[in-house]
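First to last, the sequence lines map onto chains L and S. Counting from 1, one number per residue, gives the positions in the first sequence under the numbering used here. Counting from 1001, one number per residue, gives the positions in the second sequence under the numbering used here.
Simulated from the structure, these hints should not be mistaken for lab results. Don't take every hint at face value.
[To be verified] Cβ pair distances, simulated, as ranges:
| id | chain 1 | residue 1 | chain 2 | residue 2 | range |
| --- | --- | --- | --- | --- | --- |
| 1 | L | S27 | S | K1052 | 27 to 35 Å |
| 2 | L | V50 | S | E1053 | 20 to 28 Å |
| 3 | S | D1070 | L | V50 | 29 to 37 Å |
| 4 | L | K81 | S | K1040 | 34 to 42 Å |
| 5 | S | E1053 | L | E14 | 46 to 54 Å |
Yeah, the Cβ is synthetic: ideal placement off N, Cα and C, and Gly gets one too.
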Amino acid sequence: GQNIDQPTEMTATEGAIVQINCTYQTSGFNGLFWYQQHAGEAPTFLSYNVLDGLEEKGRFSSFLSRSKGYSYLLLKELQMKDSASYLCAVKRGGGNKLTFGTGTQLKVEL
Amino acid sequence: DTAVSQTPKYLVTQMGNDKSIKCEQNLGHDTMYWYKQDSKKFLKIMFSYNNKELIINETVPNRFSPKSPDKAHLNLHINSLELGDSAVYFCASGPGLKETQYFGPGTRLLVL
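Generate coordinates for the entire structure from the input sequences, incorporating the hints supplied.
Right, here's the structure in full:
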């Protein structure tokens, strides 16, 4: 089976940097995704890592360490609109099945 | 607009009824999915179809039956609705075995 852990809630200040961690235990690991979900809306794709290292995309970066079963999503220059739930999801094997964590609710304050 | 669309957006119904949710994607993707997101916001896959063929069928009661008339459509029919079926149901699609899945806007189902 798979176990995916993320903090339930985080609070950060506008303009700051926040790191959301995700740890997982799975066999046949084949990629890790981060999705953003605003309240009442659909999840939207943020990033994908399959190799170790950092992937940067604008204000958002995602890091993966396969040996440690660990990833983080880094959000820089936080804006109020970044208040949302951030979902970590792991792909296993050669298929398309994604298993999601329970999500981290990020609140950005003034 | 190119997107994943679902109908209806909201569905309120009585226990015991049968209802369907429709999903369409015009992204040219080969694979489509149904997810259920419960009140605790936990998103869990239910089904996946690839080119109209069922490839993922999680432990879902057989009251739930997906149907894919073509690779652009994946509908979900639910028989004998129960209170515990209340949730948001998301359809998603993806380009075959590539990485990203694109989600529809969700259908908010409330069973009374």
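message: Are any of the numbered hints broken by this structure? If so, which, sorted upward?
response: Violated: hint 4 alone.
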